[in-house]
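*Asks:* What follows is each chain in one-letter form.
Protein chains: 2
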Amino acid sequence: MNIKGFKFSAVEAAVKKPGRLDLALIFSEVPARVAAVFTTNAVKAAPVLLDEERVKCGVVRGLVVNSGNANACTGARGMDDAVETTALVSQGLGIGSEELLVSSTGVIGVPLPMERLRSAIPRLVERVGESSLGDVAAAIMTTDTFPKLESRGGVAGGVPYTVAGVAKGAGMIMPNMATMLAFIVTDAAVEPGLLQDLFRRVADTSFNSITIDGDTSTNDTALILANGAAGNPVITAGSEDAVAFESILSGVLLELAKQIVRDGEGATKFVSITVKGAASGADAKKAAMAVANSSLVKTAFFGQDANWGRIFAAVGYSGARVEQLKAELFFDDVQMVKDGLFTGGDAEARGTEVLKKKEFSVTVDLHLGSGVATVYTSDLSCDYVKINADYRT
Amino acid sequence: MNIKGFKFSAVEAAVKKPGRLDLALIFSEVPARVAAVFTTNAVKAAPVLLDEERVKCGVVRGLVVNSGNANACTGARGMDDAVETTALVSQGLGIGSEELLVSSTGVIGVPLPMERLRSAIPRLVERVGESSLGDVAAAIMTTDTFPKLESRGGVAGGVPYTVAGVAKGAGMIMPNMATMLAFIVTDAAVEPGLLQDLFRRVADTSFNSITIDGDTSTNDTALILANGAAGNPVITAGSEDAVAFESILSGVLLELAKQIVRDGEGATKFVSITVKGAASGADAKKAAMAVANSSLVKTAFFGQDANWGRIFAAVGYSGARVEQLKAELFFDDVQMVKDGLFTGGDAEARGTEVLKKKEFSVTVDLHLGSGVATVYTSDLSCDYVKINADYRT
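Top line first, the protein sequences correspond to chains A and B.
Going by the working numbering, 295 is the number at position 295 of the first sequence; the sequence numbering is gapless.
Going by the working numbering, 106 is the number at position 106 of the second sequence; the sequence numbering is gapless.
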């Protein structure tokens, strides 16, 4: 995989347990347009606060990221540490400190081990270009069980380009490990306003449409760097190339988002929840999220129990408009509920067969309007409880 | 325990497994003032819809309740069944059908077994006065492991009176069993407007301040009947007697609410979450509820892990205003966080000792205003998952 004009580096800085990559660099040889979305948590980690400032100018040269420590709830010292990290790396690269973003993921409330980072950063800079984006994917893992990487190619104005991305851990599924991180790089040239609009919209239907446990972390960051090194004519809003780019970008983000859900702690099921016929798109999202976050629904998935009543109850308390005698519910293509009532017959047996699958869909049709949303989630298993209860003991 | 002018009855109607009481009656010999709060779920069970109408006139004679079947998501037939149940009982009692309320709790989506109810109702009516309020508490249990009953006495205008209540299962903690039900009776005479105001306010700091799993059921009902049979001068708003009555009522409801949390499925801990210093009371409640509903916080409680970072993160995403460098956090009286930062020293060890207790408190002080709220919750254990995954298999 070649994303023109991007170089990568990943080293061991001993922030995590020895023997694992935990410090990585994404570097663009030329200034890259940046677009980003950050956590909505009012408690934000230092790197999130710093990046929120630095992305404002719209152009950066790269990103340094560590795993094993979230640099969250670390106060003024945390901000100093984030600034120093970018200063050391940018000096080595010969770029301005404000041109470099920084991310952290791991334990909350513990200061970054700066001595270790200071001693590892020279190696990180030296090795630029010797690592792959796959190494970056490995370096940002915490309790993830596999690296998350996705790449797709496109053509704009006859010139081929690549969109590739890496991600880690969904929501706050990690025990005291904050964070979903996703870093996307593309060598396509994209108009800055279009890049931000597209990224926000696509993040909404991918990363913002997954939930493992409903806990929003302090460090969530998703960003894209577009350096134009492919040499394509700049992709502009309203063009056919823009439509194609959105589709490719959406494919990369959605695949990374789904990988995160499949790697949810203790997850044994991958479930797509679609609510359609809602009074509005916002209502559809609210209802789908309520179903996806319900502990009772998720334990029923784990137990392979076609318990549609729990799903109905969650839709009911979601805040979305519901007229219960209009609603329908399906497990894959098995209709469980029509006009608000159980369909009876062999629906129970056939629904149970669907829930025995590793992946299946739940569809609720409210028959009130045209609002539709899909959310991806996992089940709630005994292992989830064990992993999160035992983490620090 | 004698609550003047009230008679009780409880029989076996075979809605639940044989050998267990499952049909009960609360009957007032004279018309009783009624105040009630119902589920906010948009999907409401038939008995909730019927009672919402019937409490509007402000006076009723009693309540018939079955367990084992929620009569929820049962459409027009469910409403016919609820109406018929009250008609049969009220005919037996010689009162008007519209003077009788009805409640149901149990499985969602299955019609009431009306043949069994029709054959049991004559016995229910015959036995009025032969059962106790404790028998009613037993008859409304589903997966509850103990009956929930509380009684307190007061004096108004020199005349003694009693406030007593029964309750069952919190939120939708029951597998496919909808419902929290709470029925309070008092022989005190209380001004109707005051009764409704007090009941709503007190329900807010008791039943509406507990959560087991964040799932709001389709059948939640809490109501009070006040028949005035004690013979006290009517308690009016603004009087000292009103203050005393509120305190007694609050004590009964809070104790019932706490019993529900202690009997939460799989619960091994009883935790009081207080958020104070919030910008508003609503902010305090939002933040406390977010903490109490966080799967990560609840698994940490189960694991006896003094994981304050998860609590901080939950407060951060709750929607409440937070300035992280002002916040403090305590486990009982052990201060874990000051000015948004970990206090260090032996706080970790001392905090862990607190979490080993069966009951403890978490206090978050946001230092932004005077908003305060307390919420009661349980932990999230492996048993919770097992009970809810295995229920129908």
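Hints may contain errors.
Copies of the same chain are indistinguishable here, so a pair counts whether it falls within one copy or spans any two.
As the list claims (entries may be wrong) - Pairs of lysine-lysine, DSBU-like flavour, derived with a Cα cap of 35 Å:
| no. | residue 1 | residue 2 |
| --- | --- | --- |
| 1 | K4 | K326 |
| 2 | K7 | K338 |
| 3 | K286 | K7 |
| 4 | K7 | K386 |
| 5 | K276 | K326 |
| 6 | K16 | K338 |
| 7 | K356 | K386 |
| 8 | K386 | K56 |
| 9 | K7 | K356 |
| 10 | K386 | K258 |
| 11 | K356 | K16 |
| 12 | K386 | K17 |
| 13 | K258 | K276 |
| 14 | K17 | K338 |
| 15 | K357 | K7 |
| 16 | K338 | K56 |
| 17 | K56 | K356 |
| 18 | K56 | K357 |
| 19 | K386 | K338 |
| 20 | K276 | K4 |
| 21 | K338 | K4 |
If you are wondering where the hints come from, they were derived from the structure by calculation, not from laboratory data.
*Asks:* Can you tell me if K7 and K338 fall within 35 Å by alpha carbon in one copy, between copies, both or neither?
*Replies:* neither (55 Å within a copy, 42 Å between copies)
*Asks:* Is the C-alpha distance from K386 to K338 at most 35 Å within one copy, between copies, in both cases, or in neither?
*Replies:* between (38 Å within a copy, 30 Å between copies)
*Asks:* Treating 35 Å as the Cα threshold, decide for K356 and K16: within, between, both or neither.
*Replies:* between (37 Å within a copy, 28 Å between copies)
*Asks:* Should K56 paired with K357 be assigned to within, between, both, or neither, using CA atoms and 35 Å as the limit?
*Replies:* For K56 and K357, neither the intra-copy (45 Å) nor the inter-copy (49 Å) Cα distance is at most 35 Å.
*Asks:* Within a copy, between copies, both or neither: where do K258 and K276 come within 35 Å Cα-Cα?
*Replies:* This pair counts as within: shortest intra-copy Cα distance 20 Å, inter-copy 39 Å.
*Asks:* Reference check for the pair K276 and K326, CA-CA at most 35 Å: within, between, both, or neither?
*Replies:* within (12 Å within a copy, 43 Å between copies)
*Asks:* Cα distance capped at 35 Å. Does K386 pair with K258 within a copy, between copies, both, or neither?
*Replies:* Result: close both inside a copy and across copies, 23 Å intra and 26 Å inter.
*Asks:* With identical chains, the pair K16 and K338 could be close in the same copy or across copies; at 35 Å between alpha carbons, which is it: within, between, both, or neither?
*Replies:* Result: close only across copies, 27 Å inter versus 52 Å intra.
*Asks:* How would you label the pair K338, K4 (within, between, both, or neither) given a Cα cut-off of 35 Å?
*Replies:* neither (53 Å within a copy, 48 Å between copies)
*Asks:* As a check of your reading, is K286 near K7 (CA-CA no more than 35 Å) within one copy, between copies, both or neither?
*Replies:* neither (40 Å within a copy, 45 Å between copies)
*Asks:* For K276 and K4, with the copy left unspecified, which applies at a CA distance of at most 35 Å: within, between, both, or neither?
*Replies:* neither (41 Å within a copy, 53 Å between copies)
*Asks:* With identical chains, the pair K338 and K56 could be close in the same copy or across copies; at 35 Å between alpha carbons, which is it: within, between, both, or neither?
*Replies:* between (50 Å within a copy, 32 Å between copies)
Figure legend: structure checked against the earlier numbered hints; hints not met, in rising order: 1, 2, 3, 4, 8, 9, 15, 17, 18, 20 and 21.
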